[in-house]
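S.K.: Here is what each chain is made of, one letter per residue.
There are 2 protein chains.
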Amino acid sequence: MVLYIIGLGLGDEKDITIKGKEIIEKSDIVYLESYTSILFISKEDLEKFYKKKIYEVDRNFAEENCEEILSEAKNKIVSFLVVGDPLCATTHHDIILRAKKENIKVHIIHNTSIISAIGESGMQLYNFGQIVSIPFFEKDYKPTSFYDKIKINLYNNFHTLCLLDIKVKERTIENIMKNRNIYEPPRYMTINEAIEQLLYCEDIHKKNVITQNTMGIAIVRIGSNNQQIISGNLLTLKSLNYNKPLHSLIICAPKLHDIEKEYFDIHLHKN
Amino acid sequence: MVLYIIGLGLGDEKDITIKGKEIIEKSDIVYLESYTSILFISKEDLEKFYKKKIYEVDRNFAEENCEEILSEAKNKIVSFLVVGDPLCATTHHDIILRAKKENIKVHIIHNTSIISAIGESGMQLYNFGQIVSIPFFEKDYKPTSFYDKIKINLYNNFHTLCLLDIKVKERTIENIMKNRNIYEPPRYMTINEAIEQLLYCEDIHKKNVITQNTMGIAIVRIGSNNQQIISGNLLTLKSLNYNKPLHSLIICAPKLHDIEKEYFDIHLHKN
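In order, the protein sequence lines correspond to chains A and B.
Under our numbering, think of the first position of the first sequence as 1, with each following residue one higher.
Under our numbering, think of the first position of the second sequence as 1001, with each following residue one higher.
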């Protein structure tokens, strides 16, 4: 039959499109992926509103057991729900490719994602360069490619949207080695942690990219009813207390346009 | 009271979010802006589905008479509908700023936009550089800054999303001089025209950016039920007949990642 990949948007159960909700209602089975972003409401609230049983899938299931979903989609209407827009995270391209190879029809129901919603910061989407991901530093693993990407963006006077790491259902190396299905508690990188890691990179690599005076915009739970958009230099942004994750961070281009300046000032943190 | 700026998404009346539709239903007055993108259905269909009278506003109205909308928003619930996401076009930032200065509450209801929907091409959103706009060349006015921006993107191995010009309710210079409100028919740049302009830039500036062999992806009416996604070199893409606008064009990064390559091949134009 068909596999629908449906974006839920960023806030709550009412951020789905009417088209998306109608498809869920006629679906034989509904999955919800919950490992690339955070849903700001419970699965139970979704189920109540969509009047459907929803099966939550984690990364293991979607990546390793995706054959199961695909074989169901051969003779059923299957919906796969994704927070935000379905195709902003790279992981979902894979399941679509596999479906296409098996001649399963795939329909995408788009929705907003952080990539368009950050327009609300006032920074023009035309002035963003490459998006970067900032991964959690581990004791022996501190990849810093995001630092070099931000350097290129700043050099070209682009803003950088920094997406901050999410670790859901991860296992310690010890537990992986011992084949134990014991999962660590979920971790969502905060803006404070991200700025600390950025300043660490500067400390180590000294390429003159990031300082405490670099201008940024803290983006918290965008699209939800307790979103925060706060601008300031990184020293200030590092010191603030924010609402719970999801957090993202914009590193601003060195020169802002007039309208961007006005927005930056509107969002400026005041003591 | 409050000014709601509501994204309609990209396809038809059912691409609005449930939240957006509920707000329209409780609004005292509803405007629709129709100059930064194309709606693929009629205003009348929207009115029927949303059960509300909708007032269409053109660029002149929204930019020059925006005070009228704002003064209504002081004591009424006003909805301002925008195709796609409200904040992807730069023009809407202005009305929001003005509202904030007058202490009018503004709420944004986000939706998908071409910027996230192009994920459907298979090109990873992480690998895009700056977005460019390609304006219609006029006889004596051929700005080519988009050409230099694409050069930077290609140099950094980024894809470029090219948004193609839309001219709605434009007047000739003669009609402006004579103060005549006679409007030209709307014009929407096609992918074919865009590629011609790109090749023209190369011809004139010879910076070795674009050739007929440069790889691109034609994006036609994305999010609608007659969308097209066709990949190939620019010579091929220039020669094809597409569905009606809206058209956009991706200029691909020189080196594609494995999954991107697979998608590029799936979308490849076959003779």
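Calculated from the structure, these hints are not laboratory results.
Misleading hints may appear alongside valid ones.
A few chain B positions that, by computed beta-carbon distances, are all more than 12 Å from chain A [to be verified]:
#1 1014
#2 1019
#3 1020
#4 1055
#5 1084
#6 1096
#7 1110
#8 1113
#9 1120
#10 1128
#11 1167
#12 1186
#13 1200
#14 1225
#15 1232
Straight-line alpha carbon distances no greater than 30 Å define the calculated BS3-like cross-link-like pairs of lysine-lysine that follow [unchecked claim]:
#16 B/1052 x A/255
#17 B/1101 x A/105
#18 A/14 x B/1206
#19 B/1149 x A/48
#20 B/1151 x A/76
#21 B/1021 x A/105
#22 A/255 x B/1101
#23 A/76 x B/1052
#24 A/255 x B/1100
#25 B/1101 x B/1151
#26 B/1105 x B/1149
Cβ atoms here follow ideal geometry from the backbone N, Cα and C, with glycine treated the same way.
S.K.: Each of the hints needs a verdict: does it hold here or not?
M.R.: Comparing the hints with the structure gives:
1. A beta-carbon of chain A is positioned within 12 Å of the beta-carbon of residue 1014 of chain B; the least distance is around 4 Å.
2. Listed as a non-interface residue, residue 1019 of chain B fails to keep its Cβ farther than 12 Å from every Cβ of chain A; the least gap is roughly 4 Å.
3. For residue 1020 of chain B, the shortest C-beta to C-beta distance to chain A comes to about 9 Å, within the 12 Å cut-off, and the non-interface label is violated.
4. The beta carbon of residue 1055 of chain B sits about 22 Å from the closest Cβ of chain A, which is more than 12 Å, so the claim that it is off the interface holds.
5. Residue-level check failed: residue 1084 of chain B sits 8 Å from the nearest beta carbon of chain A, not beyond 12 Å.
6. Listed as outside the interface, residue 1096 of chain B is inconsistent with that label: its C-beta sits roughly 8 Å from the nearest C-beta of chain A, within the 12 Å cut-off.
7. Against the 12 Å criterion, residue 1110 of chain B falls within the reach of chain A, whose nearest CB is about 4 Å from its own CB.
8. At roughly 4 Å, the least C-beta separation between residue 1113 of chain B and chain A is not larger than 12 Å, which violates its mark as non-interface.
9. The claim that residue 1120 of chain B is not at the interface with chain A is violated, since a C-beta of that chain comes within 12 Å of its own (minimum 6 Å).
10. Remark: the non-interface label on residue 1128 of chain B conflicts with the geometry, its nearest Cβ contact in chain A lying 7 Å away (cut-off 12 Å).
11. For residue 1167 of chain B, the condition that its CB be more than 12 Å from all CB atoms of chain A holds, with the nearest at approximately 19 Å.
12. No Cβ of chain A approaches the Cβ of residue 1186 of chain B within 12 Å, the least distance being about 22 Å, so the stated non-interface status holds.
13. The Cβ of residue 1200 of chain B lies farther than 12 Å from every Cβ of chain A, with a closest approach of about 22 Å, so its non-interface assignment holds.
14. Not every Cβ of chain A is farther than 12 Å from the Cβ of residue 1225 of chain B; the closest lies at roughly 10 Å, contradicting the non-interface assignment.
15. Every C-beta of chain A lies more than 12 Å from that of residue 1232 of chain B, the closest at about 18 Å, which supports listing it as non-interface.
16. With a CA separation close to 43 Å, the supplied pair residue 1052 of chain B and residue 255 of chain A exceeds the 30 Å bound.
17. For the hint linking residue 1101 of chain B to residue 105 of chain A, the alpha-carbon distance of about 49 Å lies beyond 30 Å, and the restraint is violated.
18. With a C-alpha separation of about 51 Å, the suggested pair residue 14 of chain A and residue 1206 of chain B falls outside the 30 Å cut-off, and the hint is violated.
19. Simply put, residue 1149 of chain B and residue 48 of chain A have alpha-carbon atoms about 48 Å apart, too far for the 30 Å limit, and the pair is violated.
20. With a C-alpha separation of about 47 Å, the suggested pair residue 1151 of chain B and residue 76 of chain A falls outside the 30 Å cut-off, and the hint is violated.
21. Between residue 1021 of chain B and residue 105 of chain A, the direct Cα distance comes to roughly 29 Å. Compliance with the 30 Å bound is thereby established for this hinted pair.
22. Straight-line distance between C-alpha atoms of residue 255 of chain A and residue 1101 of chain B comes to about 23 Å, which keeps the hinted pair within the 30 Å bound.
23. Among the hinted pairs, residue 76 of chain A with residue 1052 of chain B is inconsistent with the structure: their alpha-carbon atoms are about 37 Å apart, more than 30 Å.
24. Restraint check for residue 255 of chain A and residue 1100 of chain B: satisfied, since their Cα atoms lie roughly 23 Å apart, inside the 30 Å limit.
25. A C-alpha spacing of about 39 Å is found between residue 1101 of chain B and residue 1151 of chain B, which places the hinted pair above 30 Å, so the restraint is violated.
26. At roughly 37 Å between alpha-carbon atoms, residue 1105 of chain B and residue 1149 of chain B are farther apart than 30 Å, so this suggested pair is violated.
Consistency note: the structure conflicts with the earlier hints numbered 1, 2, 3, 5, 6, 7, 8, 9, 10, 14, 16, 17, 18, 19, 20, 23, 25, 26.
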